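Residue numbers (UniProt numbering), protein chains in the order written: chain L, 1 to 157; chain V, 1 to 736.
It is worth saying that the hints were derived from the structure and are not from the lab.
Check before you lean on any hint, since a few could be wrong.
[Unchecked claim] A short, non-exhaustive set of chain V residues, derived as facing chain L with CB atoms under 10 angstroms:
id : residue
1  : R198
2  : A207
3  : D214
4  : R216
5  : P218
6  : A270
7  : G318
8  : P320
9  : E324
10 : K325
11 : R328
12 : G339
13 : L518
14 : E667
The model shown is predicted, which means the values in this text are computed figures rather than measured ones.
Every residue gets a Cβ at the ideal spot worked out from N, C-alpha and C, and that includes glycine.
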Amino acid sequence: MEEADFTLHVNGQAHQVRADPATPLLYVLRNQLGLNGPKFGCGLQQCGACMVLVSGFAHPSCQLQLHRVGAAPITTLEGLTRPDGTLHPVQQALVEVQAAQCGFCLNGVAMCAAGLLRQYPRPDEQTIRNALLRVLCRCGTHERYIRAVQRAAELGG
Amino acid sequence: MPTRRTFLKDSGRLTIAFCLLGALPAAAEAPAADDPRPGSLQDNPRLNAWLEVLADGRVRVLTGKLELGQGITTAVAQMAAEELNTPLRQVEVLLAETGRTPDERYTAGSASIEQSALSVRWAAAAARQQLVQLAANRLRVPAAQLVLADGTVRTADGRRQLTFAELLGGRQLTGEVPLDTRLKPKSEYQVVGQPRPRADIERMVRAEPVYVQDLRLPGMVHARVLHPPGPGARLQPGFDAEALRRAVPGVLQVVVDGSFVAVIADSEWAAIRAYDWAKPRLRWAAGPALPAGKPLAEVLRSLPAQTEEVARQGAVDGAPAAGEKTFRATYFKPYLMHGSIGPSCALALFDKDQLHLWTHSQGVYPLRASVAKLLGLPEDRVHAKGVPGAGCYGHNGADDVAAEAALLARALPGRPVRLQWMRDDEHRHEPYGSAMLFDLQARLDARGRLTHWHMELWSDTHSSRPAGQPDKLLPAQLLARPVAYQRNELSGGTSRNSEPLYQIPNLLIRTHSVQGPLRVSALRSLGAFGNVFALESGVDELAQLAGQDPYEFRLAHLTDERARAVIKEVRRLTQRVHPGPHEGLGLAFAQYKNKAAYLAVVARVYVEPEQRVPHVRQLWAAIDAGEVINPDGLRNQTEGGLIQAASWTLLEQVRFDEQQVRCHDWETYPIYRFDEAPRVEVSILNRPDQPPLGAGEAAQGPTAAAIASAVQRACGVRVRELPIRPEKLAPPITET
């Protein structure tokens with residue numbers, strides 16, 4: 001398809017990008033905006049490694065075509081960190097609990113947790129498990145991730 | 001500490017070591033008789049191979065191992081910080097890089113603490129002695145009156161001091177790490193043995209560039225490889241590369257070399273579009289048909305085999321005596337996938353006759369040699385730098401993708417080529433963990449003691465790492481001038497943990513090494529997963545046959561106090577756990593490799609009475625890994641091993657038809673998600689007076705057996721063939 005110009009609203013800033021309208025958002029975020037948070041895992045919306053917040057809701061970015069994003073605000077893992085460098089409660093809790101092994105799935109967990117806590121500040125364990133269902137972790141860090149989300153809720157996520 | 005000498009003396013495992021590690025350097029073949037230093041240090045004895053003092057007084061540690069998510073970066077930093085009385089934040093760690101760090105071959109076999117971290121401990125202790133001596137000479141004060149801490153050496157009264165930088169004046173510490181290096185007494189430890197947080201986790205949550213996938217070099221281009229659909233498939237003529245260039249803007253090059261097909265484009269999305277365009281348009285002649293029609297267990301048993309005796313003691317044949325009970329069972333584990341969440345990725349740059357590689361390979365030095373041979377380059381023209389990738393759990397596509405990237409970089413000199421596999425590539429082309437088949441015959445005497453143990457097992461190799469040769473790299477057989485594949489004759493890792501630690505007077509264990517239908521290599525714990533599943537399932541069944549409690553039955557056959565201690569500890573952890581309706585508890589135990597960490601696990605499993613779906617509710621483990629460097633790191637690794645092994649046990653199996661592997665994504669190869677992952681609890685038995693023992697793979701085998709035994713207690717069905725799927729849990733037919 002012909003390339004076209006788009007204005008993306010990512011992490012509170014407007015970005016002009018020129019790309020094939022069918023390009024999945026993931027590649028624009030990583031390769032044109034230089035972001036590291038969302039990762040390529042499967043390209044099939046099965047693993048959650050590419051998760052971002054779209055209008056505050058966790059959504060995989062690997063099949064979300066650029067032309068469908070419109071003016072929706074996008075938040076990536078980078079955007080959870082406050083401008084002064086302070087960590088979001090979810091990020092802080094992940095560090096406190098040391099919830100990561102290889103960490104490749106951490107982005108998906110963090111974005112799903114941030115989306116969850118925005119809606120349900122005090123989720124029970126089952127709600128947390130459901131919120132993380134779209135994220136695959138191969139190292140087996142599930143228990144720590146659940147504890148980290150509980151801790152983030154305490155910190156006021 | 002297991003020195004290289006005792007390692008080599010242990011001839012029963014020598015073959016495995018060679019197979020796993022490739023050719024060992026000459027130094028290791030003629031070890032000093034009484035060298036107390038870790039093997040990696042014996043191979044690389046220079047102090048500055050391991051440690052440098054920076055101009056600002058900080059310390060840089062060099063390790064030949066790569067961070068795989070196991071936390072080795074933090075553990076080696078703790079070692080240096082401790083010996084040099086320096087805050088942890090003052091220590092930086094440089095990971096595996098050819099020409100820069102020591103050659104420690106592969107980051108494998110749970111050996112990173114035993115080898116790399118202990119080498120750093122020795123090197124840092126030697127550095128401390130050298131720095132104190134330098135200060136003693138400069139200050140004309142006896143070394144015994146000096147204190148080294150926080151980047152300085154000072155007199156006991158604190159009046160005179162010199163920083164590391166002042167002491168060295170721009171020079172580096174040199175010389176060998178001496179055999180008589182005095183290590184800091186463990187009673188004075190403040191950093192080692194403490195649960196220090198991993199600095200890389202904060203970098204991950206801040207989305208800093210941590211992974212090889214995050215590297216972006218100026219002028220970088222993107223590539224995808226179009227792998228053959230199945231083993232042995234060959235590209236047929238007629239692919240129109242020009243049509244591809246016309247159809248997809250941004251394509252810079254289409255590489256076709258025999259059956260090796262790749263596209264290079266100016267953007268990642270263009271490379272993916274080219275991949276998608278080309279995939280249905282390539283015509284392949286199928287390779288030899290895969291044996292999809294009959295059960296894999298039968299296939300393994302029918303293949304030509306090379307038989308090796310692992311252990312023999314007493315005599316296992318002869319007729320049973322009066323009152324003896326004989327037990328026979330057959331166990332099976334299927335092919336399993338590493339299943340990295342991030343597909344394999346590498347960057348390569350061919351610049352002025354020098355090839356640079358950025359790779360998440362577990363062995364940068366062997367990869368350098370392998371790639372140099374594949375490309376026909378002198379080894380010194382290849383530079384490989386280790387950068388973490390997604391967790392690999394053994395030999396996945398890391399080396400293959402690096403070799404492919406190297407081939408593409410040669411086709412486009414001067415441009416950094418970033419090659420990332422698609423999900424389908426990773427699922428279909430990584431080397432799997434081999435399927436295994438076990439025939440057990442055992443005998444109990446009239447008192448219910450094990451008298452005979454006879455295990456015959458069939459397996460493909462568990463190690464086909466490149467190991468410095470080109471043939472095992474995936475593209476090697478695809479090129480127009482292919483490199484002949486040299487199959488590992490040795491059974492590499494097959495017999496790992498096949499020998500029971502239990503006292504059994506009559507014993508025979510034999511491996512039948514076969515070449516199975518799929519490409520295989522090292523998957524976390526190698527043969528130990530299957531062996532411990534079979535061994536501990538068998539022991540559990542024998543305890544039931546003897547009418548004995550599973551704890552007491554095991555303890556009655558174990559003399560090793562540390563083995564007994566982990567079993568007692570997991571019993572203590574679960575003494576108040578009472579299984580509910582349709583629930584069962586199962587116990588299993590192993591000492592990894594029969595020489596590394598001890599681990600006992602209890603599983604609590606619920607089996608739905610109608611649909612017969614098994615759910616692992618919780619896993620408790622007790623682990624003894626000797627001296628613990630970072631308890632939270634050990635805990636994290638063990639928790640992960642438990643959950644990952646539970647997923648292998650309940651869900652996983654690589655399926656194939658006559659042409660190709662049928663598992664190509666996470667729907668066709670499901671793994672645990674957050675709704676199923678069990679709760680886990682780990683108790684560490686720390687033994688600071690003992691050497692540290694490799695622990696990262698200790699949980700795999702025992703977890704499978706504990707789950708199988710818990711399932712049996714929950715629903716009455718003993719599953720001997722993994723994975724434990726609902727259809728295998730039909731209610732047993734009750735005898736009338």
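- prompt: Tell me, which hint numbers fail for this structure?
  reply: 5, 7, 8, 9, 10, 11, 13
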